[in-house]
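Novice: The residues making up each chain are set out below.
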Amino acid sequence: MHTTPAIRARGITKCFGDVVALDGVDLEVAAGQVHGLVGPNGAGKTTLLGLLLGLAVGDSGRLEILGTPIARTLAVPDGVAGFVDAPGLYPSLSARQNLSALASLRGYGAGYGTGPAAGVDGALEQVGLTDVADDRVRGFSLGMRQRLGLAAALLTKPRLLVLDEPANGLDPAGKHHVHRVITGLAADGTAVVISSHRMDDLAALCSEVTILATGRVVFSGPVSKLAAESGELDYRLLTSDPAAARGVAARTPGLRVVPRRGPGRWSDAGVLVVRGPVPAIDELVARLVGAGVAVRELAPVVAPLEAAFLALTGTGTGTGIAASQPWTEEIEETEETEQSDEEGRR
Amino acid sequence: MTATVAAPTKIHARPAPVLRGYRFELVKLLSQHRTRLLLAACWIVPAAFVAAVSLQNSLPADTVFGRWMHATGWAGSLVVLDFSCTWALPLLTALVAGDVFAAEDRLGTWRHLLVAVRSPRRIFVAKALASLTVLLILVVGLATSSVAGGLAAVGDRPLVGLDGHVLAPADAAATVLLAWACVLVPTLAFAAVGLLGSVALGRSPMGLLMPALLAFALRLAQLLPLPVAVRVALPSHAFLAWHGLFTSPAQAGPLLVGLAVCLAWAVAATALAYRLFLRRDFTDIAYDGSGRRVLVAGVLPLAGLVALTVAVVAAATPAGGSGIERVKLQDSLATAYAHLYRLQSRELNRPDVTEARLRATATCDKGGDRVVDEGPGNDWRCVVSWHLPGVAAVGTAIYQLDVTAGGRYVADGDGPKEVNGYFQVRTPTGDAPNPLWRLDGNVDLLARTQKG
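Order-wise, the sequence lines are chains Y and D. Mapping the first sequence onto our numbering, position 286 (from 1) lands on 286, and the numbers just tick up by one. Mapping the second sequence onto our numbering, position 22 (from 1) lands on 1022, and the numbers just tick up by one.
You may find that some hints are simply not true.
Reference excerpt, derived from the structure (chain D facing chain Y, CB under 10 Å, subset only) [unchecked claim]:
no. : residue
1   : K1028
2   : E1104
3   : T1109
4   : R1111
5   : H1112
6   : L1113
7   : A1297
8   : P1301
Simulated from the structure, these hints should not be mistaken for lab results. Each residue gets a CB set at the ideal place from its N, CA and C atoms; glycine is no exception.
Bound conformation, chain Y alone (with noise of 0.2 Å):
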């Protein structure tokens, strides 16, 4: 079988002025894949969702979407759908006018396609806005303007989505009706390039990710990998007998126990966090089950792909833990225990 990848971009550069954008960036999406743009605030993600949506060409590169060179803006190939910063609706108008109005600017006609899905009536039916179809979305809350962005994408059949914090504003149950239709989209072929912020969602979402920072690829690859490299993280370990468990932990090679101190999530007598590398965590299990000790809960303080992130993207501090999380004095204590025994040492 032929391989197209949705997008195939190499050595993008953009400016803006002085200010440079992208730098070199090179980024490679399968079809059927759904693909997470992870950065902080002036990496340059907008400007590269911009360039995929043929909104702006880049000054230098090469892109391809979907096979076709993009040399010009607005000169993506049909089937490449999506949105920057925020859906683009019209208050004044109701779900249905708004959906409606797109289908035929892009030839689609209201009834487009076939089938439940198909058409302005499927589109909003997928993203859960059949109630409120008729309703202005000047009305509309958050959650439910970017679903009915989602559905506008939907509705032009694309084999390319373009989606920037897609989850924002939605309640929990919003939350997984767009991931729902996100992976029915992927495993229909279309590849899926979200932007977010949320790195739960990410995680849950994308099979692998592109890191930019400062207009440049810091990491772009399988999730599991940068979960790999992000050597190591915080645990939340809840068990049958913290106290044994405690010693079990401190007696795991290449294990740390962080000392809990002040009120938190973590102050719970019954909770430890430990600190280590992936083996020396499924070491510490194994004997855990070995002493008798049954393990409740076992998870990551913060989610790899946050921890790669706030590491690769150098804004986090220490093992990339935000300072405003409540367990930050716990690392903090950490931190300081470790400095005093290198000073004692020395």
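Using the hints provided, position chain D relative to the given structure of chain Y.
Specialist: Frame of chain Y; chain D shown alone:
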């Protein structure tokens, strides 16, 4: 990860057809509360206003044709037209054309629209056509509603023109509709300025205000003692030049020049807006326009257009000075007096005397011997003389004239009560308005002065 699909089959990247974009823009405009309110106001308020005023004792005599609102249903529409030319039409262009591009900036929908339509050119054309369509619907509403209100309240009766001649109902209808059609052209020019402001200034409210500000500035300029070549070369002149349709023969010169100037403005402002729009960076979602860009790409070219049109008008027309001269005024007043004398004779059941046999003449003077008899002002004093067949004595009547810089004047009678000294005359059926007491006239600013 490796995923494969078949190579893309159909690739369609064609822009959306202009007609679809136009329809979408119309839907957007008509879905706005503001547009709906304007439509309701333009289609309902004029009828109510004309009907209400026509049934009152006091009439808006200061407004052209206002004193005839009791006499014919067509006068009310012209009163509404005069008011619209001063305030309503510039404001409507500001609210519709002045916001049609800026609305996308406010809503942050440019990217969405560009991706959907895929052609900034077509977006521009669709938006311009849609805003002009809405403006046309609004103007048609003003005309239709005001005519309907007048006809319903007063009836389809003859209309007295601005030189006193009587237009039969059919002629009145045609001329009134022609006058409304003529003001569509300056409306187009102001709409183009609105498009330019909307494109150039993005979310800034100054874009919305540009047509209204231009109308206000030009209104102020019209009050100044400008040379006639400058006056008729301004795009606001066509908002006044329709007055010339209501004389016989029609004063076509100023009207045609005004319409030509407005067409030039419409084309120039639209072209500037188009150029600015195509050069715009749509990736900047906080676009508020640029003062320098507006000055260089908007204001300076239009100022150049004013200079060009002034030069062309000055070279191509015989007019000089203010365009208001003693001889023109005398001819205009004598003609109006003769027509209205016949009207008064019919009211009073006197024997009809034709204008030719009446041989009415006027002698005018402005401000006494120390003032040059030229230009606008309320210090014109005229003596009208006329002859009656078989009567040796020459009849005379005095008028004080207030002449505006645009050429319109109001002559206030000051003579015998039976002729022009009182606002009413006693007819066989009761008291009736005296057509010679106060009369409206209009001087052709571009007419060649007939010496002697």
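Novice: I'd like to know which numbered hints this structure contradicts. Please list them from smallest to largest.
Specialist: 7 and 8
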